[in-house]
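Make a model of the complete structure from these sequences and hints.
Number of protein chains: 2
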Amino acid sequence: METRPLPALPQRVVIREVGLRDGLQIIPTIVPTSVKLEWIRAAHVAGVRELEVGSFVPARLMPQLADTAEVLAYAKRLPGLVASVLVPNLKGAERAIAEEADAMLVPLSASHAHSLANLRKTPDDVVAEIGRIRAARDAAGSATRLEVGMSTAFGCTLQGRVEDDEVVRLVQKVLDAGADSVGLADTVGYADPAMVSRLFEKVLRVAGDRVATAHFHDTRGLGLANCYAALQMGITRLDACLGGIGGCPHAPGASGNVSTEDLAYMLASMGIATGLDFDALMALRGKLAGWLQGETLHGAIWRAGLPKTMQGEEVTA
Amino acid sequence: METRPLPALPQRVVIREVGLRDGLQIIPTIVPTSVKLEWIRAAHVAGVRELEVGSFVPARLMPQLADTAEVLAYAKRLPGLVASVLVPNLKGAERAIAEEADAMLVPLSASHAHSLANLRKTPDDVVAEIGRIRAARDAAGSATRLEVGMSTAFGCTLQGRVEDDEVVRLVQKVLDAGADSVGLADTVGYADPAMVSRLFEKVLRVAGDRVATAHFHDTRGLGLANCYAALQMGITRLDACLGGIGGCPHAPGASGNVSTEDLAYMLASMGIATGLDFDALMALRGKLAGWLQGETLHGAIWRAGLPKTMQGEEVTA
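Residue numbers (our numbering), protein chains in the order written: chain Y, 51 to 367; chain G, 51 to 367.
FYI, nobody ran anything at the bench for these hints, they're computed from the structure.
All values reported here derive from a predicted model rather than from experimental measurement.
Ideal Cβ placement from N, Cα and C applies to all residues, glycine included.
All clues given are correct.
If you want the footprint, here are the derived chain G segments under chain Y, 3+ residues with CB under 8 Å:
1) 54-65
2) 236-250
3) 265-272
4) 281-289
5) 310-317
6) 348-358
Below 25 Å or equal to it, Euclidean Cα-Cα: the simulated DSS-like pairs (lysine-lysine) are:
7) G/K252 with Y/K358
8) G/K171 with G/K223
9) G/K126 with G/K337
10) G/K223 with G/K252
11) Y/K358 with G/K171
12) G/K141 with G/K126
13) G/K358 with Y/K252
14) G/K141 with G/K171
15) Y/K337 with Y/K126
16) Y/K252 with Y/K223
17) Y/K171 with G/K358
18) Y/K171 with Y/K223
Rendered as structure tokens:
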């Protein structure tokens, strides 16, 4: 039987916790600022070092994220924590720059239909806005990193198929427009591991190490399989939400983002360092269940517990 | 950025449905024989061509599988269906041979502790029994295929770690004792994709194409990621249970086997042929929910539905 050489997996991976933004933005519950600060503090204690803390959007659109500036200011005080915010446009980016966010994430939907429905802009209009954001950052002499999150990169509930070539084209344009890095997001849970390998391979060919992040939803149960496929492509930053919150409004009742604790378990089991303290993560998940009463939390390791082979040892790295 | 060549995935995969045995054996509900026959008929209509229909164990131990002979006789009448039964020992195997099962599956636990607790035999005692089963089959001139399912191959709730070398040693012994093929089972949901690649690579080196099946539980959310890792190693037969039934008694509330419909979705999405009709599978899952009222069914695609990109087209292959 022939040998089947597999690519080496990364030795170290960063899990960026996006629950405070991607999770909370579709949840009707308004989480008080004081609770968000406790959440951030506990995440930091658990070893989280990249955290999306909110979004600079008009408060009337997302009242649950209206305290982003205050939350960001708190997060910035925690040592070693990279605090990012989502900004949909130049106006949001100006706030992120003024508030000295470590990073700002601009969403760009690779699906034309989704982009129009969501932002009333074509993807290429968003590219132009990214150019303006880069210019504003440079003019301000700001150190805020500019990352683009390419949403619906694996398909779209409105448009259906999104062509790989269109994703690659937009990645190139976004980098040309001045983004520091770009990530691929499976916003609606359409990706499978073969798609992940294929699309990341194409995107890595044009963007190299400026490919920042993979962001998967577990809507159809493939979230962790997709993370594994991304790891095989050498991706070392993965988004996740504690408790798998952040479901898709088009799939009511379905799972949300890949759950942080399940991903942390998978990585720890494979001997990949994340710097996360598993017990502290689980304690925080317990608190989260209390804070978000009425919301469904997802994830498997919460119920099953660690394997006997991983009990007793300190699961961290 | 360097290229990362991935092994080609198989073009065709067989999903063996094991719900009637692995699913029902830990569920207190007694499913009437007439319902089992309806279940089998519907599975056959949905394209299932390998089906584990029950177990030849003493009825007092597993009353819910006491009708295995009748269920097997029915399954054998359906064209193209490979009907297998689990047999824990020579006595069970003699029944499987007498009833002309297409295949008999002998479980052998790679964990010494689990083997003793479960069967009151060491793994090597079971190897000896497999030799006797092979002799009985040959003496009977029977065509019943003899497959060994190596359980706890990735770890054990009693013993903890199970060494790869012990699994490889037992695989070799089992084949020497006359088994036609051997599969690896993650009975308690301890496997991760890196383990799957590593262990299958080692086992393939000694067993080649006599490695039959991969059997994963989704206890800790890694079931589909593990299936993907097995596909990358060239494994083309995967066990699964409709509705993800068949949980582990050591992890109450946790998921059970990999769910057939989620696995079928993943494979269809990746363009791997299974011969399964997705809509018919989902209809059967609906019926199953009625038959197993009070039991928790698992799986993601049931709630989320197919991606728009796969709707309308006939999802089968």
